[in-house]
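If you're matching them up, the sequences are chains A and B in order. So the first sequence is numbered by the numbering used here: it starts at 1 and just counts up by one. So the second sequence is numbered by the numbering used here: it starts at 1 and just counts up by one.
The hints are simulated quantities; they were obtained by calculation from the structure and are not laboratory data. Some hints could be false.
Treat identical chains as interchangeable: a pair holds within one or across any two.
Distance condition first, Cα-Cα at most 20 angstroms in a straight line; then the derived EDC-like pairs of lysine to aspartate or glutamate [what the hints assert, rightly or not]:
no.: 1; residue 1: LYS24; residue 2: GLU56
no.: 2; residue 1: LYS20; residue 2: ASP174
no.: 3; residue 1: LYS120; residue 2: ASP140
no.: 4; residue 1: LYS398; residue 2: GLU188
Everything numeric in this text was worked out from a predicted model, so none of it was measured.
2 protein chains.
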Amino acid sequence: MSLIVQKYGGTSVGTIKRIKRVAKQLAAHKKKGHDLIVIVSAMNGETNRLLDLANEINEHPQGRELDVLISTGEQVTIALLSLALEQLDIHATSYTGSQVRILTDRTHNKARIIKIDNVKINEDLAQGKIVVVAGFQGCDEYGNITTLGRGGSDTTAVALAASFKADECQIYTDVDGVYTTDPRVVHEARRLSKLTFEEMLEMASLGAKVLQIRSVEFASKYNIPLRVLSSFKQGGGTIIMDENSKMEQAHISGIAFSRDEAKLTISGVPDHPGIALQILGPIASDNIEVDMIIQNTGHNLTTDFTFTIHRNNYDNAFKILKNTADHLGAQKVSGNNRIAKISVVGVGMRSHAGVASTMFGALARQDINISMISTSEIKISVVVNEEYLEAGVRALHKAFNLDREFYQNNNSII
Amino acid sequence: MSLIVQKYGGTSVGTIKRIKRVAKQLAAHKKKGHDLIVIVSAMNGETNRLLDLANEINEHPQGRELDVLISTGEQVTIALLSLALEQLDIHATSYTGSQVRILTDRTHNKARIIKIDNVKINEDLAQGKIVVVAGFQGCDEYGNITTLGRGGSDTTAVALAASFKADECQIYTDVDGVYTTDPRVVHEARRLSKLTFEEMLEMASLGAKVLQIRSVEFASKYNIPLRVLSSFKQGGGTIIMDENSKMEQAHISGIAFSRDEAKLTISGVPDHPGIALQILGPIASDNIEVDMIIQNTGHNLTTDFTFTIHRNNYDNAFKILKNTADHLGAQKVSGNNRIAKISVVGVGMRSHAGVASTMFGALARQDINISMISTSEIKISVVVNEEYLEAGVRALHKAFNLDREFYQNNNSII
Chain A
1 MSLIVQKYGG
11 TSVGTIKRIK
21 RVAKQLAAHK
31 KKGHDLIVIV
41 SAMNGETNRL
51 LDLANEINEH
61 PQGRELDVLI
71 STGEQVTIAL
81 LSLALEQLDI
91 HATSYTGSQV
101 RILTDRTHNK
111 ARIIKIDNVK
121 INEDLAQGKI
131 VVVAGFQGCD
141 EYGNITTLGR
151 GGSDTTAVAL
161 AASFKADECQ
171 IYTDVDGVYT
181 TDPRVVHEAR
191 RLSKLTFEEM
201 LEMASLGAKV
211 LQIRSVEFAS
221 KYNIPLRVLS
231 SFKQGGGTII
241 MDENSKMEQA
251 HISGIAFSRD
261 EAKLTISGVP
271 DHPGIALQIL
281 GPIASDNIEV
291 DMIIQNTGHN
301 LTTDFTFTIH
311 RNNYDNAFKI
321 LKNTADHLGA
331 QKVSGNNRIA
341 KISVVGVGMR
351 SHAGVASTMF
361 GALARQDINI
371 SMISTSEIKI
381 SVVVNEEYLE
391 AGVRALHKAF
401 NLDREFYQNN
411 NSII
Chain B
1 MSLIVQKYGG
11 TSVGTIKRIK
21 RVAKQLAAHK
31 KKGHDLIVIV
41 SAMNGETNRL
51 LDLANEINEH
61 PQGRELDVLI
71 STGEQVTIAL
81 LSLALEQLDI
91 HATSYTGSQV
101 RILTDRTHNK
111 ARIIKIDNVK
121 INEDLAQGKI
131 VVVAGFQGCD
141 EYGNITTLGR
151 GGSDTTAVAL
161 AASFKADECQ
171 IYTDVDGVYT
181 TDPRVVHEAR
191 RLSKLTFEEM
201 LEMASLGAKV
211 LQIRSVEFAS
221 KYNIPLRVLS
231 SFKQGGGTII
241 MDENSKMEQA
251 HISGIAFSRD
261 EAKLTISGVP
271 DHPGIALQIL
281 GPIASDNIEV
291 DMIIQNTGHN
301 LTTDFTFTIH
311 RNNYDNAFKI
321 LKNTADHLGA
331 QKVSGNNRIA
341 KISVVGVGMR
351 SHAGVASTMF
361 GALARQDINI
371 SMISTSEIKI
381 SVVVNEEYLE
391 AGVRALHKAF
401 NLDREFYQNN
411 NSII
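Isolated chain A (complex conformation):
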């Protein structure tokens, strides 16, 4: 008998019919003898409906009262799912974050989980009940309702899995796993059956929006196997777990990419210590997130400095950088807001040379010019003009043989 934590996102519980389907699926899992803790999000659209009400009533809804408001979304779902289970004669008990006592810090709207109280839920599990918990929410030490920020239900699921030492944490969503790349771009894209936490982190932060980054970090920290599955399609999904020797055979697990990037260059900046902070400080102060940062080797006591940002922030960042350039006596500011980023990700990169040369060679054969390169231990990212994005992703997917299966298919626990 295993203890499984399952999380169903907003789409999976988006209608009464879908909630009923989830209940049936849970009933089937329960009959196999597993203990189940189920985390649910608000029904699709509900959080936005509540936010619209808040925006109608207050110019800047935030803080404590916003959390009181939007936490009702998941509370509705836990009650409905429990009622659906009762209809199937399955005993279930629902819990809000406060009722479990998922203790968080006091940062309303994006709180962090500090501690989970296992007592009540353990009693329910001992009685054979399915426990249904509201995702995305908790309470601070004074009993004020807090929320974990958008997508926080994944974090709730992983935190509960860690607290109860679950055998697996399963994230049911509208995709059936993590793919080698976006199937809409590369038809041969293949679902990965296994992935390491690090690879998933690189994939997630690079645009494969399947899981919340925080929840992957959490699962990695507590070593909870994390499985991504479809609520609508049968299949074992993708399991994300600690690196093991079997995985070493694969060089590369996937090609991630993101459109909507822009880059800015400030050229001829006096090359002295602290210059990076002077350039990026004002950008960060304006809440613009910077992704890749490259500083070329200086010449004539000056240097060129390039960084990428989301395209939406381009105009704003350009203005700020102009100011900085005037202030620093830099030569000029230039930019391009029609670029894209392609990354190859894989833990196998560590033990295999030649990944970079395979990558650059494949792009060169397509006449794709690389304008920036950035590397980490398990990924290489390049910036290209956006019109080459699709061709580049396809070429790389093929060059790394991602249309062929490397990993063993592993069977789902349940």
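Knowing the structure of chain A, use the given hints to seat chain B on it.
For chain B alone, kept in the frame of chain A given last:
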């Protein structure tokens, strides 16, 4: 400085615009220096929307999970009202029933309040904050969410007023007070400025659906002055409080009535002890509420037994009574489902003779036949054929001079 508890019902907070209006009104009251605890219901229609979802997912939604579901209705309102107050730069803190810790028994869907924890709210009041509390809900000793049953927000308001020894409990609703009778039936119907708790209880239970009966009982028990006011119209409303000498001058405070009544008679029943239970037991077992009960003096060792019920239960009750009649060897069962009840209510009845004769005389002059009579210390009810309802109410309103003011107008505290 006074401590005022105010309750706003579902219509008063039914839209964002109305919630904003309530916030403005609260801001004005606050500026006069009063401490305010505000109880709100779910926005109009919200509880029914949630119940519809529950009914879609479960044939008999009830118990713990139904309370988890419907308690979100008030939680949304407390958050929105607090956000509206923040927008006006008024400090406010919202509380769900569980957060206050309105401790109830464990009877889900119609729990009773046992105790209220004053600590947190007292801290907020000391800091000059407006405290906004979700009506209709509490929690049991294990932290399970409970609800008080429909209309329970009035009860929450009175219970908080009692717990905090408030100077007044004000119920804002869509009518501007309690009237001598329904103004749609008698144009001369007059708003009463004062009423005793007992009179209000008789008026409420007889069909003047302004306040929940339980909340009036509660207010009476703890001697909390209760004021009914309109959210939409200026005016002092009606205050309901302990009887005092001034009130003695009035015989009668109002004419209550209810349509949709039906009566059933079982005739020629063997007259022996326990017969009433034998007749009414099966009716009660079917959850049919019985209102008036009359047993005529027996003749020939048999008796006739008549009672009234809501018209909706007529067919069902008729069948049950037929069965009972066969079982008891009664002569026959007859009934009429087109009757109505009219009552004159007034604490003054105690010290003034002649109320009954004035009543029967007024009805006789209109040729209205009385088919049943029932009396209590402060009311007399009669059953008439439904076509005489309006004429009867008008005749009585006039006969008791209810179009003329007896009570002093008393000024509202705020």
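Here's how the hints hold up against the structure:
1. LYS24 x GLU56: Only across copies: LYS24 and GLU56 sit 15 angstroms apart there, 38 angstroms inside one copy, limit 20 angstroms.
2. LYS20 x ASP174: Only inside one copy: LYS20 and ASP174 sit 16 angstroms apart there, 39 angstroms across copies, limit 20 angstroms.
3. LYS120 x ASP140: both (18 angstroms within a copy, 14 angstroms between copies)
4. LYS398 x GLU188: within (9 angstroms within a copy, 88 angstroms between copies)
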